[in-house]
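Turn these sequences into a full structure, and let the hints guide you.
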Amino acid sequence: MPETAVETGVECAIEVADLDPLLGALRERGFTVMGPLLRDGAVIYDEVRSSADLPAGWTDRQEPGSYRLQRSDSPRLFDFTVGPSSWKRFLHPPALRLWQAHREDGGFQVVDVEPPPPRLAFLAVRACEIHAIAVQDRVLLGGPHVDPAYRARRAGLFVVAVQCTRAGATCFCASMKTGPRAGAGYDLALTEVLEAGRHWFRVEVGSERGAEVLAAVPHRAVRPGESAAAERALAGVAEQMGRTMETAGLPALLRRSPEHPRWSEVANRCLACGNCTMVCPTCFCTTVEDTGDLAGRTAERVRRWDSCFSAEFSYIHGGSVRPSIRARYRQWLTHKLSTWHDQFGESGCVGCGRCITWCPAGIDLTEEVRALQASKRRKEDRRADA
Amino acid sequence: MATTTEDAGPPGPAGGDPMRPAPFRVARRVVETHDVFTLWLEPVGGPGGFSSQPGQFDMLYAFGAGEVPVSLSGPPGPVKQVVHTIRAVGPVTQSLQRLKRGDVVGLRGPFGSAWPVSLAEGSDVVLVAGGIGLAPLRPALYHVLSQRERYGRIVLLYGARTPRDILFAREIETWRGRFDADVEVVVDRAAPGWHGLVGVVTTLVPRAHFDPHNAVAFVCGPELMMTFTVRALAHHGVVPARTWVSLERNMKCAVGFCGHCQLGPTFICRDGPVYRWDRVAPLLGVREL
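Protein sequence lines correspond, in order, to chains U and X. With the numbering used here applied, the first sequence has no gaps in its numbers, which climb one by one up to 394 at the end. With the numbering used here applied, the second sequence has no gaps in its numbers, which climb one by one up to 560 at the end.
Misleading hints may appear alongside valid ones.
Per label pair, the in silico range of CB-to-CB distance [what the hints assert, rightly or not]:
#1 X/Arg441 with U/Ser332: 42 to 48 Å
#2 X/Lys351 with U/Gly257: 53 to 59 Å
#3 U/Glu273 with X/Leu554: 19 to 25 Å
#4 U/Gly150 with X/Leu554: 51 to 57 Å
#5 U/Arg277 with X/Pro493: 31 to 37 Å
#6 U/Glu254 with X/His506: 39 to 45 Å
#7 X/Arg299 with U/Val154: 31 to 37 Å
Using 20 Å as the maximum straight-line C-alpha spacing, the simulated SDA-like pairs for lysine to any residue come out as follows [unchecked claim]:
#8 X/Lys351 with U/Gly115
#9 X/Lys371 with U/Gly115
#10 X/Lys371 with U/His110
Quick caveat, the hints were computed from the structure, so don't treat them as lab data. Every residue gets a Cβ at the ideal spot worked out from N, C-alpha and C, and that includes glycine.
Have a look at this one:
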């Protein structure tokens, strides 16, 4: 099969059988490849060694507070949407030893203990997730201080995107303008096509590194009609999304609404479990735990994901600043959709819908936003009537 | 929302990794009151070129126990010894309280925004402190006294709970003895032998000698005390846009990564702790924000 010149911006095609050579090419270049796997009844992200690890023939059904895997009759490899894992677990790990301190000469010395992180390649990154990584970049790399742990993992990251060919009931990336189509932020982007009995991938090349890797994998030029077939696979995904959010004027509305009665209403349903913050691909909050051994010789500091839903999160001498769940839910939602704009110049929500699916009480932030917007509209209507 | 951020420069002695503390040795330790003490800290391994602006804070680490944000309480600018005045209220500050001369702590800093002492030049300067809030104000007082000719009247109004809670008592006597500064101290509850004023610190505002229309006020203490002080100052003619306060929230990282210290759109570690009052007043007015 004739190979084609591979460069940024070019479209090529690979067969399903060529996924393993792609994984091999990444491994040869020193990458550890993370991708989707079936585990504990969900599609999660962990190390992928071969295409046989991918969840072929599985799809998912998501609703507020509900996630179910289902067998599909199709051999598709990426026929699901996002699960409880997000890529932040590799770039901004849930627990990380920052350093260890050893007593010596009447003082102590602080030393690194974590081995240098592996070079990471992510397989099957969705458009919303590419945006989520960019959001965390601005938090952890974009300010006056840089998080060295994040920088070490993020530098050199190789991204193989997968274009979404279906959307879930809790998806709303189209509203947040982060998807469904990945337009940038990847090295390679795959579109899975299964049509007329043929199963193959369109490959969009997003970087020189992507071109270099693809050149090492059996590939070919797209044939007449194949681009159209790939576009057909992507058609209608935005319309399939089960959720929407009106974002116009939202930051200002939330700024004006700290005493809205809806916060008390949602607080009656919210368990303050923090699930939404754990599955959220942009939530970045952490705490540190300082521990020492019994002999008092060695101490260490571990950084862990933290959640603004716990009472300890805002504890200062004298008590918690946000003792009520009402205040904690308000903090989370207002931060995501309003104050994030003040802090980082964009929304903290990418519309992946994980917080809706994984909320044990099925709280749906798009519904909460709509409730806040509706009462604003009612007020405006009254004013118009008067 | 825009916030005042004075450039604090690089993240101090820790250099590249802002989460990594540098070892500092306790050179001197003074017991100030029954629960407040002051530590003088020197970088282990020679002078480290430590420099801060008045109002900034460090993260102090007690080996194995944990880390807390503590304001600098010594002279600003380049120093050989870093001074912290600490109230022992929790496990970490109690561990710090048990340290002796020669012991080693971890230090990251300095972090945060500063009292705008340059902007205050040419004006009367009113410092209002409540309790341990005197410690973060002391570097500003050192600065204005050391550059005395650049400022108008200098007034310190200080409220403590009881006479035995008064910080820096001997130094207060020295300041009081100066002819170019006015110092007033008031306690909430008197005790036998107390001949001074009794009441809340806000009552000192109307009787203090300064020109409210050409004054800058720096206020530090419990949030409620600051709210009432700013109100009293405003009533007296000091506009909120010429009043600064220093805020406190839970902090784990001090560099804007951990999310704990958010107050609405701001991170107190990065945009604060010192804020112009009119910029944070709407936020402080919301319960549990």
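Verification of the supplied hints:
At roughly 45 Å, the beta-carbon separation of arginine 441 of chain X and serine 332 of chain U lies within the given 42 to 48 Å, and the hint holds. Between lysine 351 of chain X and glycine 257 of chain U the beta carbons are some 55 Å apart, a value that agrees with the proposed interval 53 to 59 Å. Restraint check, glutamate 273 of chain U to leucine 554 of chain X: a C-beta distance of roughly 23 Å satisfies the suggested window 19 to 25 Å. Between glycine 150 of chain U and leucine 554 of chain X the beta carbon distance is about 23 Å. The supplied range of 51 to 57 Å is therefore violated.
In this structure the supplied range 31 to 37 Å holds for arginine 277 of chain U paired with proline 493 of chain X, their Cβ-Cβ distance being about 34 Å. For the pair glutamate 254 of chain U and histidine 506 of chain X, the beta carbons lie near 44 Å from each other, so the given range of 39 to 45 Å is met. Arginine 299 of chain X and valine 154 of chain U have their C-beta atoms about 35 Å apart, which keeps the hinted 31 to 37 Å range intact. Distance check on the hinted pair: lysine 351 of chain X and glycine 115 of chain U sit about 19 Å apart at the alpha-carbon level, within 20 Å; holds.
Distance check on the hinted pair: lysine 371 of chain X and glycine 115 of chain U sit about 12 Å apart at the alpha-carbon level, within 20 Å; holds. Of the pairs offered as hints, the one joining lysine 371 of chain X and histidine 110 of chain U holds, with about 19 Å between alpha carbons and a cut-off of 20 Å not exceeded.
When the structure is compared with the earlier hints, a violation turns up for hint 4 alone.
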